[in-house]
Each structure stands twice: as C-alpha cells, then as structure tokens.
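Undergrad: Chains as they are written, first to last, in the numbering used here: chain F, 1 to 553; chain B, 554 to 784; chain D, 785 to 1109.
Treat the hints with care, since some could be wrong.
To be verified - Taking lysine-lysine and the DSS-like style, the derived pairs with C-alpha atoms no more than 27 Å apart in a straight line are:
#  : chain 1 : residue 1 : chain 2 : residue 2
1  : F       : K315      : D       : K1076
2  : D       : K1060     : D       : K1072
3  : D       : K1052     : D       : K1025
4  : D       : K1072     : D       : K1044
5  : D       : K1052     : F       : K315
6  : D       : K1020     : D       : K1044
7  : D       : K1060     : D       : K1044
8  : D       : K1060     : D       : K1076
9  : D       : K1076     : D       : K1025
10 : D       : K1072     : D       : K1052
11 : D       : K1072     : F       : K315
12 : F       : K315      : D       : K1060
Stated by the list, open to error - Under 10 Å between C-beta atoms, here's a sample of chain F residues computed to sit facing chain D:
#  : residue
13 : P148
14 : Y150
15 : M238
16 : Q249
17 : F323
18 : S486
What the hints assert, rightly or not - Residues of chain F placed beyond 12 Å of chain D at every Cβ, according to the derived structure:
#  : residue
19 : W25
20 : A125
21 : V132
22 : L161
23 : G243
24 : A329
25 : I366
26 : L432
27 : Q464
Because the hints were derived from the structure by calculation, they are not lab data.
We put the CB at the ideal spot given by N, CA and C, even for glycine.
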Amino acid sequence: MTTAVSAAEPAAESYLRHGRGLRSWLLTIDHKRIGLMYLGLIAFMLFLGGIFAMVLRMNLWRPAGGLVSNDTYNKLFTLHGAVMVFLFVIPGIPAALGNFVLPLQLGAKDVAFPRVNLLSFWLFALGSALFVATLVAGGVDTGWTLYPPYSLEGSRGLGILLALTGVFVAGFSSILTGLNFIATIHTMRPPGMGWFGLPLFLWALYATAIIQIVATPVLGITVALGFMERLFHLGLFMPEYGGDPVLFQHFFWFYSHPAVYIMILPAMGIVSEVVSVFSRKPIFGYRFIAMSSIAIAVIGFFVWGHHMFVSGQSKWASVVFSFLTMLVAIPSAIKTFNWLATMYKGAIVLRTPMIYVLAFFAIFGIGGLTGLFLGSLATDVPLHDTYFVVAHFHFVMVGAVLTAFMAGLHYWWPKMTGRMYSEASGRLSAVLVLVGFNVTFIPQFLAGVAGMPRRYATYAAAFQTNNRVSTVGAFILAAGLLLAASGLLASLARGRRAPANPWGAASLEWSAASPPSHHNFDRTPTAGDPYDFGGLREVSAEAGWVRAAGGAP
Amino acid sequence: MTTPSGGEAARPRFLAEHFESMEAQLETSTTGIWLFLASEVLFFGALFTAYGVWRANHHELFHYAQHFLDWRLGALNTLVLISSSLSAAWSVRCAQLGRRRGLLATLALTFALAGVFLVVKYFEYSHKLHHGVTWGASFHASEEILRSLPAAVRALPVPEHMGTFFTLYYLMTGLHGIHVLVGMGLYVWLLRRARRGHFGPGYYGPVDAVALYWHLVDMIWIFLFPLFYLV
Amino acid sequence: MIPRLLEPLAAALPAAGFMPQRASSVAGNVDRVFGFIFWVSLAALVLILVLTVVFVLRYRVRSGRTAPEPSPSHHNRLELLWSAIPLALVMIIFGVSTAAWLDMIEPATGPDPLRVQVTGRRWSWWFDHPGGRGAPELHLVAGRPAVLTLASTDVVHSLYLPDFRLKQDAVPGRFTRMAFTPVLAGNFPVLCAEYCGTDHSRMLATAVVHPDQASFDAWARAGAGEALSLSDLGKKVLAAKGCLACHSLDGTPRVGPTFKGLWGREEKFADGTSAKVDENYLRESVVKPGAKVVAGFANLMPPVPLEEREMQGVVAYLQTLGTAP
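Start from the sequences, fold in the hints, and give me the full structure.
TA: Next up, the structure:
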C-alpha cells in the first residue's frame, strides 16, 4: 500500500466506523474517539461559559446594572471563571486535540494506557457534571479563586461542596492525562525519532504534562482541605478556627499559576506546528523552542507569589517572586522571535489555521507584554484586582489559547473528520475573533488603569463607555466563534473529502489516512524530520500532498 | 475485534494491541507507575506541608495530643508494613524466576500483612471514637481517656483546637488506609491471575507495578508514624 | 531618584489624561515606572506586529512565488541575542520597579504620623482617627505622613485608593499596613478591590484630604466624644480583662513585661530570637501568648479571646503609652 493510494481511498475502515452504536463510543479506548468526545464536551463547556459571559457583559451595559441582581451576577462570574478555566482552557488543547494527535504524531497505535485515558475522560465528565449540578444547588458566588474565609463560611451549603468536589475530580482527570502523555512520549517514539526529532507540539504537551503531574495533586489536596475546613472546621484557612487565609492563597496559586502554563504551552505547540507548515519552511531554532517550553514549565513553578503582592506576604518574598516572574518573559520572547524568523523568506499560505496563528501573535504579544506591568511590583499595587488584570489574563488565557485552539482545530479537522471545511467562513471567523477580542478587552485595560476594580456588578458612571464598547466587542467575538462552529459542522455534511495530507505537512499524523483507521497506521511508519518539507509536492486539491521520493506506485 | 493480520501467531497473550513487544510494554508500564507514584508523593506532600504549617502555629497542641496515640501500636504497624514490603519485593523476584508457588505464597503473605495493618488500625480508631477523640468541633475526650494520660500531661490544661489535630490525624491516616485497602484489592487481583499461571519471566509487569505502589504506601506510613506518634 | 528621570515617559502616556490624579507621595513614581514599561512594551509590540505584517506581505504565496527562499533553520548567535535583549530589558524594569516599590511600602513617616485604624466589614469601611473620631470616610491631612492599620472583621477586603496608587488587603485575624503622604487636598474615591460578596461593588467610601492640620482638627473635634475612642476602649479592656494584674503601666516588671514603652520596643525572647513590637506582635501575644515568650518571664498567660474592635483598642491604647526610643 502506498501513500498515494491511501490518500485517494479514504475512510474505508476509518476509526469513525470501527464499531457502531453508542456503547462503542462511550466505552471506547481508542484515543481518537476519546479525543473527539473530549472535544464535544469541551465545546459545550465553552458555549456554557460563553453564555455566562454574555449575560455579565449585558449587565455591565449600564453602570447600575439591573439585568440581574448582584448575587446572580456574582454567581455568574464565578461559574464563568470556573467553567472556562477548569473545563475549557485547561483541558482544551491537551485533552481534546492532544489526545487525538499525540499517538498519531508518534506513529503509535494509541497512548500508553488506553483504559486510563478512558477513565480520565469519565472523571472529567463527572467533574463537569458536578459543576453543572452547582447550578441546580443554587449556584456558588465565591469567585473561581475560592478565597477563604468568604468561600468557606458556615452559611454555605451544598453548592460549594459540589464545586470543590468538581475541581478535585477534574484535577484527577488532568493528572491521569498528563501521566499518560509522558509515558507515551517516553516509551512509544517510533524508530528513528530521537528527542530532538519530536514535533514541537509534543514537546509542548510533554512540558504541560510535567506541570499537570506536579501541580495538580496540590490543587487536589487544597480543595480537599477546603472541603474539610468547611465540614469539620480544620482550622487551617479560617481565622475563626485559628487558620490563615493567606495560606490558602499560597496553596491555590501554587497550582493555579502553573495552570496558566498548562493552558499556554500547548497553544504555543500548535503555533509552532502551524507556522512552520504554512510558511513551508522548517521551524526556526527548533532546540530553542523546545527548551523554552521546558524552561517555562520549570520557572512557572516559582512565580505563584506574584498574585499576592498586596496580600501582606513578606517584602523579600515579593521581590523574589517579581524577579522570577520577569524571567518567564524570556522563553516567551524566544518563541515569538523564532516564529517570526520561521516566516522570514518562507512561502506563506494564508489558510484558516495560519490566520488564527497571526491573530495569536497579536493577542499573545499584548497579553504577554501587559504581564510586565503586573509582574513589576510598583505598578502591580494599583493595578492588582482591577480590570487591567481581567484584560491581561483574558488576553493570555483566553485570547491566545483560544486562537491557538481554533488554529489547531482547523488544522487537524480534516484529519479528525475526513472533511474539508469552507475556507471563506474559516478565514472570516478568524478575523471576527481577532477584532471582537480586541474590541472587548482593550477598553478593559483602560478601565483598569483608571481604577475600576474587577468583579463589580455595578460601577462608576465614568466607566460606562469602556464597558459599552467591551460589550459590543463580546458580541463580535461570539459571532466569530459561532461562525467557526457552523463552518466546521457544515463541513461534516457538505464538506469535500479530505486527502491524507491536505496542507503538505511532514509530521507523521499526515501519513495516516484522513480519517485514520482504527489502528492509525497499517505499518509502523519510520520517522523522518517533522519539518522537512523538501520532497512534498501537491498533486491536486483532491489528492493533497505526497512525498515525491519513495512511496510512488 | 479485528487484528491487523492473522499471520503473527507468536504474538504473546498479554501483549496489548498497541505495543510491538513485551519489553516495550513493560518499559511503558514501569514509566507509568513511577509517574503515578510521583503524583502520589506530591499529593501527600501537600498534606505534609499543611501538617507542618499547622504544627508551627500550634506547637503546644501537638505535644499534648500526641499522648492520645499509642506508639506501641504504631510501631507494631510499622513492622507489619515493612515486612509486607519485603514480601512484596520477594513476589516480584518469584514472578521473574517463574516460581509459581513462591509467588502465590508471597502475594498471599503481603495481602495478609496488609490485613493485619488494617485490623490494628481498626482497634486504634474504634478505641478513640469510643472515647470521643474525634475530629473538629465534635472532639470530646472522655474522662477515662484523660485519666490514662501520663501524669505530667494530665497536669496541663486541655489546649484549644484538639479536634483539629485529630482531623489531620484521621485525614492523613485515613487516606493512607484507603491506599492500603486499594493495595489489598490489587493483591487479590494478582493472586487470582497468579493462580491461573499468568505470570512468569516473560510477563511480570503487574506484579512489579503493584509492588512499587505497595512500597510507596509503606513509605508514606514511615513518615506518618513518627510525625503523629513520636515527635 | 532613577524613576524621576523617567518622568517624560510617564507624562507622554497616551492614557495620561485617563489616569486618576496623583494625590499621594508615591503616585508619581508609580506612574513613571508605568510609563517606562508602557513605552518598552509598546516598542516590542510594534516590532512584532510590523514584522508579522511585513513578512506576510512579502513572503506570501502568489503567482511567481510558490516556494520558500533558502534561509538558515537556526542561528544560535541571533537566538541568543533575542534572548539577551529582552532579558536585559526586563531586568531593568525589575530594578526600577523594585526600587520604587521598596520606597513605596516603607516610606519615612517622621516622628508623628497620622495613625488611622481601618476596618473592613461587609459592605462598608470604618476609619478610627486619632482624637477619638470614628467615621465612615477617611480623613487625612495634605503633607502629613499617614499610617493606616488595616483589619477585617469578616472576610478578606482590599483598601483601594486609585488616586493614591495604593492598595492593601485587609485580612481577618491579622493587621496589615499602608503608609504614605497625601499631597493634594480634596475628596478621592475609596473602593474595595478584593471580592467580598453581594455588595462588593458598593463597598465605597471617600478619602477627605484636609488642606492643613487645623482643618482636620476642627473636623475631629466636632464629632469626638460621641462614642468611646479606640484607645479609651483599649484602656477599659485592659482593666476589665485583668491584664493590668500582671503587666504594669509604669515600667515595673511584674509577672509579665510592662506595657510602658512597649510599642516599637525590640523584644528578646526566651528562644533567643527577637522582634520589634508592632500591631501583629501584640495580636499574637493576646491570642497565642505561648508563641513568643519574652526572655526572663514564664509562659503563664492564658489566651485572651477579644473582639476585633477590642483588639484594635488595645493596640491603639498601648501606642499612647510611649514609644521606645
């Protein structure tokens, strides 16, 4: 069998048809199906969190609010934050796209522990269900950061316990995914693929998985202790029982700051793949990019205290945390310039994934650079807990991660579904997302500088213009995402059949059929350089790209 | 189920579909179990940190409360767990050498010692619960148990937050106890498979992995014992 | 000093008109650091965006250009360069900002700062001023250093003064502190910046900066005596709880150390360590007397549960008993 033949004859025994009925999906141990199930669930969570966000934005249309009560507003922003952080951005790229792509990029048949992978999915589903259940139990209004004493007061009932349990369970899912990925990358690389032959997406997933394994157990214990504190008055976090609320903040951010890198590292991995393929040039400075992922993962563990510059932590602790925070900027700068150097003298093809990546450059640039204001001590004091922070972390955690996620989704969609989507709607959605995002969040920087604190259901009249522009932007952003979703879903019904290699990429997943067979590859492929585009040429739009040397009939 | 081809009749029975060879499978499962243990260590590590912070804040409480725990029972359990770890290590050796009877004996012994540990723990817990030595606000030590304390300790007033010490105690030893229970379940599973002759020099990954897990459970106890019973 | 050189950068900020007034001694420096970071990051952002756009325009695939031109796949010296330049820039930012911050959190307050006890509670602020005047708004004097001691009676709040460029959390169970000198007379907003529940966004107050001490005194006299002042309350608490049986007010050591001149004293403890007596030391000595035992005294004192306001009173009263030289 040859590449050309498998390209022309897709989906004869694709993984989508291997086994039928609901049971064959819900109990599957095929990483591709698990990835798709994650994708479905995560997309739903994005939708849910997005609905909450739109209600928040509409309530902020007028300074006095009034669309919903203050309490409802507080519950909505709590759930918006918790759902988006724990159920969309953290699992988004690694669990949905990573699960699908990782074994394929290794030329493997599956992840190292397929049953653990299924368990991980169901734990995630259970965690999500617990979050949704908090809605039924009357909601939680603690903020996703769950700071005590407010979050653990004696008057709180079932809602907070469900939320804590939800975080705990979803955390285990994350640990198991990380464990699976590290074991897979360590032991299942194909012959010929050394560590520096890994596609950069895998380096990113590897660095992410390290953080998942090291940081998530601490989050698990933190919420478990919070649970105990609420039920048994442990006296660890609550001053009235002899505890220290700032200790919780340390525990919480020890996980939740590295969690930001759980979100952004895989996003950077996708950007590395896409920018190289659509510039038709090997990635520039492979080793620097790979090592900067690891550097971010390591340094990222020692910066959590920058969330607490005004909490009353010791002076020198703040100075050290500020210093280390500044250092994290370096690996990000390296990556950015290396991506730009990859485009230099390339042959840039402006397909949908690449346009999303260009949007990523702008958004990540703004998000990363505004981080400097918050990592620096003097400027953090006035800006902390204002809309400047809200805008900053939305740029990094949402804007950058979301554009990279969309880039990855559009990049691997033909591989996942065997269908090509409409380029027109894809490109337009990317532009709308870029514009909508900036219109939403740039006014929030200004509001923050002018002194508008975050988590305010009502605000001073002076901020009305900022908030109105921001709300309009949110609608543009939502329209962009809905357009992207409809374009992708329409492709399932009407899309042209995708060839094995529609983009001319060189990593191994593109040598499997689109969609791949149940076992991914009929024969274990031999790994080459994942960024060697030399021998590839485009036969036609229908047949895609094939390697000229070898594999010819 | 469809296998890629019927030609490879020599494919070992316990080789999962997605691996090329038993060696690759073993290497993967060993990597996986070590990673799992790393996350377990961090999990308990966070608890030990909480313990450390609380102890630093409530020094006197820990000195007082520790007299409610019987160090002899703790020491007995330490001995029991260390022996079980030895027997677990021996079971791996037996599996690698294909000594089926030795394997069955050591697996059963490990299981039995884990059971002994839990029985001792049961007596400790029930004694405390019976005398009102419970968690949080419900802590209400009976006169009887207060009289049984050493004279020097009896002279001191009962410190505040006693219940909190015992919340930590029950939380940490309880979580450890759950790990022991899970371990016993795993040994039952291993015993059943060993009886069917599944393990041998070519396939001993599960025995190895469970033993590694068991050593970790043992090690956590070796930290818990001095921190609660002795210091 | 260094931040002063950066003033032109701050003055040239496009958002300069957008920013609140500079109403405190620290605001100028904060803005200068802000201005510096702003221009550095704007330059970096423009560089990234311009390169992106130029590369897309020049190197996009079009008729006559279908293949990439040869160019190196890596260049260690270049890559080190674009690691080193950002590193140098962020280190400069770190240095400038940290220097400004260290001045900011521990400013020289002079011998006689205006001491205000701030209490956050859901959902309002309460300010106890010297001379016994408590008020829902904060009163300060332009040009006179102020030391604010923050506490909370329920959950974490954060005292935010945008025009002063200052913010500090008020944490239950401990005291935190904010020190600065107001420089402009007038009324300025006070907000809560740490989420605290239903009416978090309505937990607002006003900072009234009097033009001179006389104006402040006139205000303080007008309302004093309506209720017990904090330090009078503290005096009553010490008597009522029996503290004075063991702690003298005149300097004689009894069972415990004397209260005279206790505030600001460097205490040596039985375990060899020492610490300066401040509000958090006093709180700990009341709640957990055994935690730090002063050298030469026995560990005999029982913990004394006090209401938050009683605790603030004790601290305020002990400050009136003279400061160690």
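Undergrad: Against this structure, judge whether each hint is valid.
TA: Going down the list of hints, with the structure as the test:
With a C-alpha separation of about 22 Å, the suggested pair F:K315 and D:K1076 falls inside the 27 Å cut-off, and the hint holds. The suggested pairing of D:K1060 with D:K1072 holds, with an alpha-carbon distance near 17 Å, which does not exceed 27 Å. Under the criterion of a C-alpha separation no larger than 27 Å, the hint pairing D:K1052 with D:K1025 is consistent with the structure, at around 25 Å. For a cut-off of 27 Å, the pair hint linking D:K1072 to D:K1044 stands: about 21 Å separates their Cα positions.
In summary, the hint linking D:K1052 to F:K315 is supported, as the alpha carbons are separated by about 23 Å, within the 27 Å threshold. At most 27 Å may separate the alpha-carbon atoms for a hinted pair to count; D:K1020 and D:K1044 meet this at roughly 16 Å. Simply put, D:K1060 and D:K1044 have alpha-carbon atoms about 15 Å apart, close enough for the 27 Å limit, and the pair holds. A threshold of 27 Å between alpha carbons decides the hint, and for D:K1060 with D:K1076 the separation of about 12 Å falls inside it, so the pair holds.
Of the supplied pair hints, the one linking D:K1076 and D:K1025 holds, its CA atoms being roughly 20 Å apart against a limit of 27 Å. Of the pairs offered as hints, the one joining D:K1072 and D:K1052 holds, with about 17 Å between alpha carbons and a cut-off of 27 Å not exceeded. Restraint check for D:K1072 and F:K315: satisfied, since their Cα atoms lie roughly 24 Å apart, inside the 27 Å limit. For the hint linking F:K315 to D:K1060, the alpha-carbon distance of about 16 Å falls within 27 Å, and the restraint holds.
Hint on F:P148 holds. Least Cβ distance to chain D is approximately 8 Å, under the 10 Å limit. Nearest Cβ of chain D to the Cβ of F:Y150: about 4 Å, under the 10 Å cut. The hint holds. With a cut of 10 Å, the hint placing F:M238 at the interface with chain D holds, because the nearest CB-to-CB distance is about 9 Å. Residue-level restraint check for F:Q249 holds (minimum Cβ-Cβ distance to chain D is 9 Å; threshold 10 Å).
Hint status for F:F323: holds, given a least beta-carbon distance of 6 Å to chain D, under 10 Å. A distance limit of 10 Å between C-beta atoms decides the matter here; for F:S486 the minimum to chain D is near 27 Å, and the interface restraint is violated. With a cut of 12 Å on Cβ distances, F:W25 stays outside the contact zone with chain D, its closest approach being about 40 Å. Here F:A125 stays apart from chain D, with its beta-carbon at least about 30 Å from theirs, past the 12 Å limit.
F:V132, annotated as away from the interface, keeps every beta carbon of chain D farther than 12 Å; the closest lies near 23 Å. Once the 12 Å rule is applied to beta carbons, F:L161 is consistent with being away from chain D; the minimum gap is 18 Å. The beta carbon of F:G243 sits about 8 Å from the closest Cβ of chain D, which is not more than 12 Å, so the claim that it is off the interface is violated. Not every C-beta of chain D lies more than 12 Å from that of F:A329, the closest at about 5 Å, which undercuts listing it as non-interface.
Non-interface call for F:I366 relative to chain D: violated, since the shortest CB-CB distance, roughly 6 Å, does not exceed 12 Å. No beta-carbon of chain D comes within 12 Å of the beta-carbon of F:L432; the shortest separation is about 19 Å. No beta-carbon of chain D is positioned within 12 Å of the beta-carbon of F:Q464; the least distance is around 14 Å.
Hints 18, 23, 24 and 25, counting from the list given before, are not met by this structure.
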